[in-house]
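Engineer: Construct the entire structure; sequences and hints are all you get.
Protein chains: 2
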Amino acid sequence: MSSQPVAGFRFSATAANIRKDGRIDLALAVADEDATAVGVFTRNIVRAAPVEIAAERLRSGRARAVLVNSGCANACTGEPGRQAALTTTAAVARELGIAPQLVIPASTGVIGQVLPAERVVEAGPALIGGLTADGYDRFSQAICTTDRWPKLARRELPSGGTLLGIAKGAGMIHPDLGPPHATMLAFLFTDAAVERARFSAALMDACERTFNACTVDGDTSTNDCVIAFSSHRAPSPTDEALAAALIGVCGDLARSMVADGEGTNHVAEIRVRGLRSASDARIVSRTVATSLLVKTALFGKDANWGRLLAAAGRAGVPFDPSVATIAIGGVPIVENGLALGKEAELRAAEVLAQPSYTIEIGLGSGAGEFSYLTSDLGHSYVDVNAGYRS
Amino acid sequence: MSSQPVAGFRFSATAANIRKDGRIDLALAVADEDATAVGVFTRNIVRAAPVEIAAERLRSGRARAVLVNSGCANACTGEPGRQAALTTTAAVARELGIAPQLVIPASTGVIGQVLPAERVVEAGPALIGGLTADGYDRFSQAICTTDRWPKLARRELPSGGTLLGIAKGAGMIHPDLGPPHATMLAFLFTDAAVERARFSAALMDACERTFNACTVDGDTSTNDCVIAFSSHRAPSPTDEALAAALIGVCGDLARSMVADGEGTNHVAEIRVRGLRSASDARIVSRTVATSLLVKTALFGKDANWGRLLAAAGRAGVPFDPSVATIAIGGVPIVENGLALGKEAELRAAEVLAQPSYTIEIGLGSGAGEFSYLTSDLGHSYVDVNAGYRS
Chain A
1 MSSQPVAGFR FSATAANIRK DGRIDLALAV ADEDATAVGV FTRNIVRAAP VEIAAERLRS
61 GRARAVLVNS GCANACTGEP GRQAALTTTA AVARELGIAP QLVIPASTGV IGQVLPAERV
121 VEAGPALIGG LTADGYDRFS QAICTTDRWP KLARRELPSG GTLLGIAKGA GMIHPDLGPP
181 HATMLAFLFT DAAVERARFS AALMDACERT FNACTVDGDT STNDCVIAFS SHRAPSPTDE
241 ALAAALIGVC GDLARSMVAD GEGTNHVAEI RVRGLRSASD ARIVSRTVAT SLLVKTALFG
301 KDANWGRLLA AAGRAGVPFD PSVATIAIGG VPIVENGLAL GKEAELRAAE VLAQPSYTIE
361 IGLGSGAGEF SYLTSDLGHS YVDVNAGYRS
Chain B
1 MSSQPVAGFR FSATAANIRK DGRIDLALAV ADEDATAVGV FTRNIVRAAP VEIAAERLRS
61 GRARAVLVNS GCANACTGEP GRQAALTTTA AVARELGIAP QLVIPASTGV IGQVLPAERV
121 VEAGPALIGG LTADGYDRFS QAICTTDRWP KLARRELPSG GTLLGIAKGA GMIHPDLGPP
181 HATMLAFLFT DAAVERARFS AALMDACERT FNACTVDGDT STNDCVIAFS SHRAPSPTDE
241 ALAAALIGVC GDLARSMVAD GEGTNHVAEI RVRGLRSASD ARIVSRTVAT SLLVKTALFG
301 KDANWGRLLA AAGRAGVPFD PSVATIAIGG VPIVENGLAL GKEAELRAAE VLAQPSYTIE
361 IGLGSGAGEF SYLTSDLGHS YVDVNAGYRS
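Chains A and B are the protein sequences, given in the same order. All residue numbers in the first sequence are consecutive under this note's numbering, ending with 390. All residue numbers in the second sequence are consecutive under this note's numbering, ending with 390.
Certain hints may be false.
A pair holds if it fits inside one copy or across any two, identical chains being indistinguishable in the list.
Stated by the list, open to error - Derived pair list, reagent style SDA-like, types lysine to any residue, alpha-carbon separation capped at 20 Å:
hint : residue 1 : residue 2
1    : Lys20     : Arg154
2    : Lys20     : Lys342
3    : Lys301    : His379
4    : Lys301    : Glu360
5    : Lys301    : His232
6    : Lys20     : Glu118
Hint data in this document are derived by calculation from the structure and do not stem from the laboratory.
Structural biologist: This is the structure:
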């Protein structure tokens with residue numbers, strides 16, 4: 001990936017001792033001037049304090065900075081949590097010489113602990129002193145929690161300029177992002193000039209096809225958010241080019257999150273076709289993608305098409321099972337609702353040993369289709385989540 | 001449990017070599033005369049051949065026998081599967097000297113394999129020769145698959161007579177039973193006289209509060225069915241007594257299935273209160289009960305209330321998080337949406353070490369409440385399901 005900076009933005013990260021392990025855990029991105037800023041937030045009705053404040057502040061369509069910590073979600077923390085988010089963003093705003101309303105907070109980590117505001121405030125000067133145009137790598141590392149790797153994606157716009165995306169997320173991944181409300185976090189930075197209304201609509205559309213179409217464990221977080229900034233330092237892209245860049249970057253980040261899903265070894269794209277509508281296909285692909293029996297079969301590299309069909313059948317969407325087809329990585333294993341035999345399944349099982357593959361499920365002759373990204377689920381997922389807080 | 005027979009019914013089981021391990025795998029229950037018979041079946045639209053045939057035959061409201069095999073679900077097997085179910089029930093009917101339409105088939109096991117009809121037919125004479133009034137214990141053993149123990153429950157009716165229930169189920173447990181369509185299997189036998197319409201309505205109502213309110217892995221089977229028989233050898237119970245007996249027996253069987261859930265160590269009753277309606281409370285309790293992060297926390301004996309609230313919040317039902325309360329086994333850990341502290345959580349964690357407990361989630365002052373049974377999810381679940389077919 002190219003490592004050019006995005007004109008108009010600087011990045012920094014430091015260790016503020018929010019995490020117990022001493023890793024960098026506080027990140028800051030600052031625009032040189034007020035940027036156009038839009039966001040989508042979790043539709044979970046239990047929303048963290050930073051999510052509430054970010055949503056309020058982004059109503060203006062403008063922002064200057066985003067302050068992100070890992071190690072503490074600052075969710076279910078009531079008024080003390082809200083005060084901590086206000087205090088920390090105010091301190092950073094003061095150091096930057098800007099209004100507090102221009103600093104957007106975001107948090108990720110354990111639910112139910114109040115953000116230790118004094119540690120963030122103390123780390124402020126070091127954080128701001130470290131701002132550089134190529135600091136996004138450290139930014140991407142500081143926001144990780146159970147992630148095994150940081151997540152960055154980039155697209156160049158044909159009209160000039162760049163779209164850079166930074167995300168974190170490995171567990172509690174089943175984003176349900178919507179306006180006006182988003183623990184995956186994703187931050188997008190572009191120097192291309194995009195006015196607010198167009199940016200907001202294009203971002204929501206891209207989220208619907210990427211973050212909102214991926215799952216690790218089916219659990220939607222209290223802290224999910226995607227926030228996008230434009231510095232207007234490069235020409236304005238066409239709608240098509242903007243959409244392609246947003247879908248490209250968000251799609252790369254979503255796939256990286258699922259690949260890095262807690263305990264994950266494989267990424268499976270569940271592509272459902274032939275239903276009456278894309279929304280029907282979305283429901284079926286999501287039901288298959290979140291099925292525990294499907295996910296454990298993928299962990300076992302077992303071409304268990306019975307579980308795939310059984311999951312499709314319980315989605316509540318009508319189809320004729322006798323015309324169903326299933327192919328794994330292009331290897332047909334079911335036609336007309338019936339198994340094609342052991343040899344086909346053995347060839348499909350070879351595909352299931354690969355790190356990523358597509359499972360195509362045909363359920364009729366309708367035009368409705370949708371793809372959902374999911375992961376296998378095995379022992380490591382249990383290890384990570386049975387002892388996460390201890 | 002009392003071991004008296006149920007007047008008018010005999011039971012048998014044998015090894016028909018459907019399973020590879022040589023265990024008994026074929027069970028038969030026969031009424032001395034035509035019995036009133038009603039059933040509820042899976043709402044999964046991918047339904048096994050025996051489910052289709054059972055639903056057709058029970059339209060008459062009468063049956064004489066139920067023939068059940070483990071080791072093969074006979075699901076997704078098309079016309080050959082249907083023929084196998086027809087052939088085997090016809091052979092048993094012939095031996096019994098009754099019409100084939102009076103024999104109800106049921107199957108459980110791997111999806112996608114056709115029932116080996118010739119082995120069932122060969123085992124017929126031994127099966128029928130073994131019928132005895134106290135054969136229900138062997139019947140209950142023969143229908144097990146990944147079950148660790150057989151499941152029986154019984155209630156005596158105040159007006160006289162008995163209701164005996166026999167069930168199997170440990171995985172792919174998230175029943176969604178409805179008229180006219182249910183791999184949990186449950187068979188209920190009563191000598192109390194209950195006419196068809198009343199039996200059917202009371203059975204559906206009991207299922208809604210028991211089997212349809214329990215989950216192991218969120219996956220609804222292609223083969224679930226509950227079939228109830230009355231031999232009319234004892235007096236007719238009141239509606240209240242019938243409902244109490246059905247809910248009692250089905251509730252015991254549902255709890256036993258969850259306790260025996262694949263890899264399960266704990267049974268948790270998720271009781272949600274204070275919402276506008278029972279159906280809202282049902283949606284929230286089901287969302288919490290099926291949350292992977294909740295289930296892995298229960299495996300870890302971690303009083304992780306943040307995951308409980310986050311799951312409730314994504315259910316799509318409105319509530320005010322700032323009034324939320326949570327108690328585990330009577331130990332309050334959250335009030336007014338905020339944690340009560342480490343000491344409370346440590347006491348709650350002691351409750352979580354017990355084999356069964358209740359988690360109460362209060363979400364307001366409404367009258368709507370509902371209880372859902374769920375299990376913890378740990379390494380054994382992964383072991384059972386990553387290698388089930390191999």
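Engineer: Evaluate each hint against the coordinates.
Structural biologist: Hint-by-hint comparison with the structure:
no.: 1; hint: Lys20 with Arg154; result: neither (32 Å within a copy, 54 Å between copies)
no.: 2; hint: Lys20 with Lys342; result: between (51 Å within a copy, 18 Å between copies)
no.: 3; hint: Lys301 with His379; result: both (14 Å within a copy, 17 Å between copies)
no.: 4; hint: Lys301 with Glu360; result: within (16 Å within a copy, 38 Å between copies)
no.: 5; hint: Lys301 with His232; result: neither (48 Å within a copy, 51 Å between copies)
no.: 6; hint: Lys20 with Glu118; result: within (16 Å within a copy, 65 Å between copies)
In terms of the numbered hints stated before, the structure departs from hints 1 and 5, listed from lowest to highest.
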